[in-house]
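For chain A, the structure is supplied; the task is to place chain B on it using the hints.
As you go down the protein sequences, you meet chains A and B in turn. Per my numbering: the first sequence = residues 1 to 566. Per my numbering: the second sequence = residues 567 to 1132.
No lab work stands behind these hints: they were computed from the structure. Remember, it's a predicted structure, so these values are computed and weren't measured experimentally. Where a beta carbon is used, it is the ideal one built from N, C-alpha and C, also for glycine.
Quick list of in silico lysine to aspartate or glutamate cross-link-like pairs, EDC-like style, CA-CA up to 20 Å:
id : chain 1 : residue 1 : chain 2 : residue 2
1  : A       : LYS134    : B       : GLU841
2  : B       : LYS921    : B       : ASP834
3  : B       : LYS700    : A       : GLU275
4  : A       : LYS134    : B       : ASP1010
What the simulated footprint calls covered on chain B by chain A, stretch by stretch (three residues with Cβ under 8 Å from a Cβ of chain A suffice, anywhere in the stretch; the number is not a length):
id : stretch
5  : 700-708
6  : 843-856
7  : 896-906
8  : 998-1007
9  : 1032-1042
Computed, partial: chain A to chain B, Cβ under 8 Å:
id : residue
10 : ALA213
11 : ALA217
12 : GLN237
13 : SER238
14 : LEU240
15 : ILE282
16 : GLN340
17 : ASP343
18 : ARG538
19 : ILE539
20 : VAL543
There are 2 protein chains.
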Amino acid sequence: MSDTSAIKVTPMPLLGTMLPEAEAAGSTVENHLSEAVAAWRAIVGQAGVQTDASALRASTCQTFANAPSPSAIVRPENAEQVRDCVSVAFRYGIPLHPVSTGLNWGYGSASPPQDGSVVLHLSRLGRILGYDPKLGTVDLEPGVTQGQLAKFLHEQGGRHWIDATGASPDASVIGTTLERGFGHTPFADHWLHICNLHVVMADGTCIQTGFGAMPGARAAACHRWGAGPDLDGLFAQSGLGVVTRLTMWLMPAPECTEAFFFTCANDDDLAQVIEALRPLRINGTLRSAMHIANPWKALAAAAPGFGCRGLDQAQLLEESRRMGMGAWNGSGCLYGSAGQVADSRRQLRHALAGKVGRLSFVGESRLRWAQRLAWPLGRLMRMDVERIMELIVPVYRLMRGQPGYEHQRSTWWGKPGEPPAVVDPDANRCGLLWWSPVVPLDGDQVALAARTAAEILTAHSFLPQVVVNLPYPRSALVLATITYDRDRPGEDSRAEACLSALRDRFDSLGYHPYRYGIQGLAHWRRSLDPAYARILDRIADAVDPCGILGQKLGRGPRVALRHLPT
Amino acid sequence: MSDTSAIKVTPMPLLGTMLPEAEAAGSTVENHLSEAVAAWRAIVGQAGVQTDASALRASTCQTFANAPSPSAIVRPENAEQVRDCVSVAFRYGIPLHPVSTGLNWGYGSASPPQDGSVVLHLSRLGRILGYDPKLGTVDLEPGVTQGQLAKFLHEQGGRHWIDATGASPDASVIGTTLERGFGHTPFADHWLHICNLHVVMADGTCIQTGFGAMPGARAAACHRWGAGPDLDGLFAQSGLGVVTRLTMWLMPAPECTEAFFFTCANDDDLAQVIEALRPLRINGTLRSAMHIANPWKALAAAAPGFGCRGLDQAQLLEESRRMGMGAWNGSGCLYGSAGQVADSRRQLRHALAGKVGRLSFVGESRLRWAQRLAWPLGRLMRMDVERIMELIVPVYRLMRGQPGYEHQRSTWWGKPGEPPAVVDPDANRCGLLWWSPVVPLDGDQVALAARTAAEILTAHSFLPQVVVNLPYPRSALVLATITYDRDRPGEDSRAEACLSALRDRFDSLGYHPYRYGIQGLAHWRRSLDPAYARILDRIADAVDPCGILGQKLGRGPRVALRHLPT
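Same shape as in the complex, but just chain A:
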């Protein structure tokens, strides 16, 4: 006989063994929300659990219609409370939807993907832990916002920058990262720059990934992979575990940064610009994520109040020209030593020669001069230089890891009057939906995707806002934005129809989004190869046997929800 004595047989956990209380009560088909609420209150305090209908509405208002409503919102304040709250949900079979700060605008904000589930709101876990200035890493909780982290690093001497996104400064760093959000610097792909996830699993088991899975390991925060398989990927865009902490790798403040801006005269120029940029992107000369916006997208950013003036496309185009905008408006940034930046500048100039109308490089001092001289310059050039500076300065700051409230102003487009200083798209009832397909970094394909998106938006009478983002070396994100006024009757459903048309058309082209909003998850499930979906379900069943997490995967609880007693 072969020696099989060393072979370990691991029994498969059975569902029944995991639901002790429900089983003990002789009931596996019902759960007990009111009992769970009492148990959660015992953990997080009375104020930490919201069940009042109007409070729930206020906490989960939305930038689009038909978002599901939660039964409750639970707000733990540390990882232990998260574990205990998840254990309660597990015991009672109640589906949880974890959110970090809930500012997932246009994709679902703080709303759960399924009606009646409970939002596990992590904004109170707001500590920055363990900054290592030598290795450039920082440990974060999910409530840490990008504004908070940027400020913290500045106070620590500014040796490291975050990769800021155009989201609110109050948006969670971890939340963006788990959704695979991206920013502007060489660290744009956040998911590539994290490790050491601390995760509360559905049954309350707490794990740490990578080398963090080996107690006492000293490389957990600075090495991406541990030994053996890597579980990190399971927790991206899934909610399959509640991430209560992770290590983020930071960008060292470079000796030199120089932003660049270019414009193209014609819509057709996009393809050749992509072809010109690709080699520099792949070979690492251009390490920042570039953003190339059409005039509509640029206009919505520069002049969000114009959306309600009733101007037609030709008039709006004229306005965009007065602000110096072209058919495409690119921005990016060079980082490195003075020598590296100078060499990259030379290469970029060479690559774009004859392909763009204007290519400007803007460093710190040049920017200050331009700000000072905006008014006379504008008179001279017959352009609205002040407004141009209003647009450029925040983008420049983003490229240097400084988030700002200015960027969310563009969501005001379509609303009456000028936007307030800080727009809150949820509370202000700004209509906002994104469609963000991934396209190979090939000129013709990117141009096709951009043209298609603009056509569909136009056909549905929305401003055809499109921006081509290059946060990855070999693919582009062609982001279409639908903005409107939720207070105007019929607009919600018009927006929904437009999003649906985008989905169908891009599906047929073979370009799928890097990220789905809560309203698109069912569509994502249907788009998966059934065999793949089956494997995904088996894994999800294994780590979440009661189906209380992973609503993003189209999963639901195995037991019916009771109403909260009113």
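Just chain B now, kept in the frame of chain A:
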């Protein structure tokens, strides 16, 4: 009532439903190797299944003792055959150990981690599929070797390079990648440069990861993540699925490369060199993986035949000095435009000034001159310049993506006489074991790890070969190599004792290896946090309910193995 009609309840698959034949036969506790062998032969032909004891021994000889023996080796030649072979194993409950080309020297070669299991040998899946010269990607099968791919790319015009490792040119690219192997260029971390895995799961289900999970997706080969969770990580260092194909991202051939070599006079200089290199590594100035070898490691590479001459450490050190070696011998390479390389050279010079004894930059033409003048130069400098060139030229080629057979010569150390032109460590009975702990990129910690490794090797009377590898931005791999002659009685167990001492000591220091050999997997399991191991087991049970894959996770079949009838 809340609307719960949209909530999908996915039933958990039960083990019984997955073993139809065994169940039908009324037997779930036995399996049937001979029947499986017949079934495999029907799929892959008579010659595709080896069961003869001597053939099995020849195919799975080893660089260390006590490696488990397989019951059979099955060699499918395409993905469909892999699927069918796995399905047979699943049906009969027979554990499979997939290997690509099986040249996993020092970690287990082609041997399975557990006695009696069947090796699924994938070397016949040797096709290069779908090279995209525009995006720099190539689709590979697991039998594709690094030599084959390098040659293919050269024939296609040399626009792209592979990241070659010091392993044999006959080693599988996918095999190395799945073990998270690393090479020398900016693409050193192979696992970061792949996507679109085609995987046969334990029950024969075939899936594709990333956007490949969405039929018709056009960005599957050029975008790292799909939408939803990312399953790729599950298949690294696990064998939990059989990868039959993946897309690898290639390095574009740079305008300019310049290798650099440096030496340190004193053993203690290592810490300050690491401190000097770290900022350049983290900020992306040094994008290549550097390798810093102690004189013993360098000597074993340069003069593998010296190992049997009975020289003591002092004499060997003298030999290493005569070859121009220092206490530490660093190598790396600068890649980019001429301007970028010049700037990096300047920064590197500045960073290492006063910290290293000699720092030389070597481009293509300089190398040719040195080769021509090796003999007179040697006379002039009283150094063995010819041997130095023999050492440097293959390393230079590796840095340019060209694998070579020279590197495996170092495994000859300890064997009698001079090595043959091509050393086959398995067949030549070279003793070889690696220990490769990951250490934060901090001078003191790296120096401590290197010193500790050398001390333990010396204490066990092995040549204290240590090389510090920097394939990652924030961590170092401190690689200790044990080489010896397997034909000398007692050496196998002496080597095992040394490896065990390394393990224990590094465990207590908190430095764990990036990769375990088949003989270390049980130790890895024991080092895991039990909660983490439980989650891992649950996932493994879900995708591999009969335990036929994933031996690397310490998993075994649920049923006893029958002997093959003799």
